[in-house]
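Trainee: Order-wise, the sequence lines are chains E and V.
Quick note on numbering: our numbering labels position 268 of the first sequence as 268, and the sequence is numbered without any gaps.
Quick note on numbering: our numbering labels position 395 of the second sequence as 679, and the sequence is numbered without any gaps.
If you are wondering where the hints come from, they were derived from the structure by calculation, not from laboratory data.
From a predicted model like this one, the values you see are computed outputs, not experimental measurements.
Warning: the hint list may mix true and false statements.
For lysine-lysine, the following BS3-like pairs were computed, each having C-alpha atoms within a straight-line distance of at most 25 Å [what the hints assert, rightly or not]:
1. K148(E) x K729(V)
2. K176(E) x K731(V)
3. K163(E) x K218(E)
4. K119(E) x K148(E)
5. K611(V) x K126(E)
6. K126(E) x K621(V)
7. K611(V) x K109(E)
8. K728(V) x K611(V)
9. K611(V) x K119(E)
10. K109(E) x K621(V)
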Amino acid sequence: MPMTLEATEPKKSKDSSVRDIYLPPERKKVSGGGVPHVSAKNFSIYYGEFEAVKKVSADIMSKYVTAIIGPSGCGKSTFLRSINRMNDLIPNCHTTGALMFDGEDVYGKFTDEVLLRKKIGMVFQKPNPFPKSIFDNIAYGPRLHGIKDRKTLEGIVEKSLRKAALWDEVCDRLDKNALGLSGGQQQRLCVARTLAVEPEILLLDEPTSALDPKATAKIEDLIQELRGSYTIMIVTHNMQQASRVSDYTMFFYEGVLIEHAPTAQLFTRPKDQMTEDYITGRFS
Amino acid sequence: MNLGTRKLLDRSFTALGIGSIVIMGLALLVVLAPIVSKGVGALVFRETIEHRKLLSTEFHRGDGRELEKEIALSNGYRQKAFDMLAVFDQELEQMTPERQEQYRESYDQVKTALRGLLGPLPGDTDPELARNRYGQTRWDKAEEKLRELLYEQKWDYSNPDVIAKPYDVSRAPGFAGTSLVRLFPYVEQNLDKMLLPEWTFYWGFITDSSIDAHFFGGIWPEIQGTLFLAIGAMLFAFPLGVIAAVYFTEYARDGFLTSMLRSANSTLAGVPSIVFGLFGLAFFINTLHVSESKSVLAGSLTLAIMILPTIIRASEEAILSVPKTYKEASLGLGSTKWNTIMTVILPAALPGILTGGVISLGRAAGETAPIIFTAAVSVGTAIGLGDVLSSPTPALSWNIYNLASEHEAAAQIRHVQYGMVLALVTVVLLLNLSAVILRARISKKLKG
Ligand SMILES: Nc1ncnc2c1ncn2[C@@H]1O[C@H](COP(=O)(O)OP(=O)(O)OP(=O)(O)O)[C@@H](O)[C@H]1O
Ligand SMILES: [Mg+2]
Numbered sequence: 001m002p003m004t005l006e007a008t009e010p011k012k013s014k015d016s017s018v019r020d021i022y023l024p025p026e027r028k029k030v031s032g033g034g035v036p037h038v039s040a041k042n043f044s045i046y047y048g049e050f051e052a053v054k055k056v057s058a059d060i061m062s063k064y065v066t067a068i069i070g071p072s073g074c075g076k077s078t079f080l081r082s083i084n085r086m087n088d089l090i091p092n093c094h095t096t097g098a099l100m101f102d103g104e105d106v107y108g109k110f111t112d113e114v115l116l117r118k119k120i121g122m123v124f125q126k127p128n129p130f131p132k133s134i135f136d137n138i139a140y141g142p143r144l145h146g147i148k149d150r151k152t153l154e155g156i157v158e159k160s161l162r163k164a165a166l167w168d169e170v171c172d173r174l175d176k177n178a179l180g181l182s183g184g185q186q187q188r189l190c191v192a193r194t195l196a197v198e199p200e201i202l203l204l205d206e207p208t209s210a211l212d213p214k215a216t217a218k219i220e221d222l223i224q225e226l227r228g229s230y231t232i233m234i235v236t237h238n239m240q241q242a243s244r245v246s247d248y249t250m251f252f253y254e255g256v257l258i259e260h261a262p263t264a265q266l267f268t269r270p271k272d273q274m275t276e277d278y279i280t281g282r283f284s
Numbered sequence: 285m286n287l288g289t290r291k292l293l294d295r296s297f298t299a300l301g302i303g304s305i306v307i308m309g310l311a312l313l314v315v316l317a318p319i320v321s322k323g324v325g326a327l328v329f330r331e332t333i334e335h336r337k338l339l340s341t342e343f344h345r346g347d348g349r350e351l352e353k354e355i356a357l358s359n360g361y362r363q364k365a366f367d368m369l370a371v372f373d374q375e376l377e378q379m380t381p382e383r384q385e386q387y388r389e390s391y392d393q394v395k396t397a398l399r400g401l402l403g404p405l406p407g408d409t410d411p412e413l414a415r416n417r418y419g420q421t422r423w424d425k426a427e428e429k430l431r432e433l434l435y436e437q438k439w440d441y442s443n444p445d446v447i448a449k450p451y452d453v454s455r456a457p458g459f460a461g462t463s464l465v466r467l468f469p470y471v472e473q474n475l476d477k478m479l480l481p482e483w484t485f486y487w488g489f490i491t492d493s494s495i496d497a498h499f500f501g502g503i504w505p506e507i508q509g510t511l512f513l514a515i516g517a518m519l520f521a522f523p524l525g526v527i528a529a530v531y532f533t534e535y536a537r538d539g540f541l542t543s544m545l546r547s548a549n550s551t552l553a554g555v556p557s558i559v560f561g562l563f564g565l566a567f568f569i570n571t572l573h574v575s576e577s578k579s580v581l582a583g584s585l586t587l588a589i590m591i592l593p594t595i596i597r598a599s600e601e602a603i604l605s606v607p608k609t610y611k612e613a614s615l616g617l618g619s620t621k622w623n624t625i626m627t628v629i630l631p632a633a634l635p636g637i638l639t640g641g642v643i644s645l646g647r648a649a650g651e652t653a654p655i656i657f658t659a660a661v662s663v664g665t666a667i668g669l670g671d672v673l674s675s676p677t678p679a680l681s682w683n684i685y686n687l688a689s690e691h692e693a694a695a696q697i698r699h700v701q702y703g704m705v706l707a708l709v710t711v712v713l714l715l716n717l718s719a720v721i722l723r724a725r726i727s728k729k730l731k732g
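Required output: the full structure, derived from the provided sequences and hints.
Mentor: Right, dumping it as structure tokens:
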């Protein structure tokens, strides 16, 4: 895939004094961010005998956006889903090594995966609103966690929808079924629904692959809005998207984490030959 | 394959489809039309004054004063016939014993036919059975009875190679020369004045209890019994079935035990219903003693066991057809498994689950064999809701069979059978319809 890299063209000016992160000037440093939020150490994920993710070691920085790229079947989704233990749904899936979230072992014996998922929200490739009203979709999470008061719920619904840049489009039909929304709106609804639970981390698995360019742009804008408030991980096949929205990029190949670096650096001066081949479209 | 052939194939398949649907519709019509047309006869018919008398005495219904007037009117005409009988009685006394003997048999038949038409004759003792206390309540039956009065049925044995054939011989010539000869044309001409037929809609057929083993009255106890049994069965089977389906689909690990349970369930669905009936008797009544003998409770439990596999299977399929994404979305928001099942999966699966429920409900209402030994009695009054634990009940399915094959006067109450069949079909259709509507509403809500 031929690429344009204007957005991440390295600037000569070295005035941004960030050492640990190489940010282009238009991307501001996030205050209070940049500490490891999720850390993997020799972390492997198996489907039965098959090792889908191989001995990954990486730190995901808090409040920044991390993109995960790689060819199809390289284990991106598997890795992403392992962070909030959605892989538990797959019967023969198990892990080795360590995955820490906020210093806690995600796969620890005493970890409450329900609580974990409340803190680590996920938006899926295909928009998956419940067959309920827009309001009930957003209120689903808060209700789950014990909020019953109508006024409070209304507040949360509005706030979440505003954060997801959907409020203006749906505020007059909150009681209508969410399946009546367009694909792009549904996807933003799913983001809003996740935000309503006030997670710390937002996992997005190809959130725009089912959307048209306009809806995609909206989601990308949304990610920019949310950057700095949430730790965001996004799986994408669109390398322009990765370079546009992310601060860090992880490149996976056949289950191995080949390179993990600040986006601007990875796309301009990849350290690994394979990364270079991939981002310049020499293989897919 | 070229375009022309493809289109032709496509068209012929469409035609085939339409054709089979038309055939199905016709078959349905062929089955339903007689049920409806004959069954309606139990409700809409020409009732005679005897029916109005019956309603007034047995159910205290109708306008008493109006009835008195009608009775007076019809009695005027009846009296003339009775007078003819009285005159003939006197004539008979003066005859020689041989001549008496000559008339005896036919005369008795005449009187029996007349009793059948008009009720007890003057001088008769009050009959014990209700069927003998009243004349013909339905005009169509009265016309049949009139034939019995006018004609004697004889059998033609002349050809020994074939089964004897009946043929009618007019009675009047047999009484030639006596005063009774006048009776036949008189009754024939004045029967409508003696019975005063009127078209009526007898809604009591649905709401009344029967009198004298379904000779008169309605079928409410049967309808109610069927409803009790079917709903009772659902009360047990539906929650149990849905819970089992949830277990199978969401909790059970694929293993030996699960696959055993699954195949047991499939096998259960294929067991003949009479086996369930015997099982119900042996297990619920004789072993568990849920009731001393037949009861609605025992019948409901038996029916519940019978429909359980259907409900489980339908629910399983409905749950499995809920998109996995709903589950992922819910769990991803920090929902527990149980909560996800209750708030997302079951609501989304509900239309499918209800469909299974409807099919089962119809089956529970219609099955005969399982309730023969566990719940059904042939004749009975409507039981109260408080009696379901201990009392048996009449039920439509069983009574249709019973009336057709066991009743001592089955031929005379065919209209009641047809009425029951219609009632059963209607009950099942109504139950289905309500569930279909419910299903449609839920589906609509889910689709938005
Ligand atoms: N449920 C599963 N059972 C067994 N193997 C699986 C399962 N899900 C994924 N895999 C395998 O694990 C590997 C990684 O799959 P994964 O879905 O993580 O890839 P991906 O990078 O997300 O691909 P894509 O870009 O196509 O979404 C693949 O080889 C896939 O075949
Ligand atoms: Mg994927």
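Trainee: Among all the numbered hints in the text so far, which are the ones the structure does not match?
Mentor: Failing hints: none at all.
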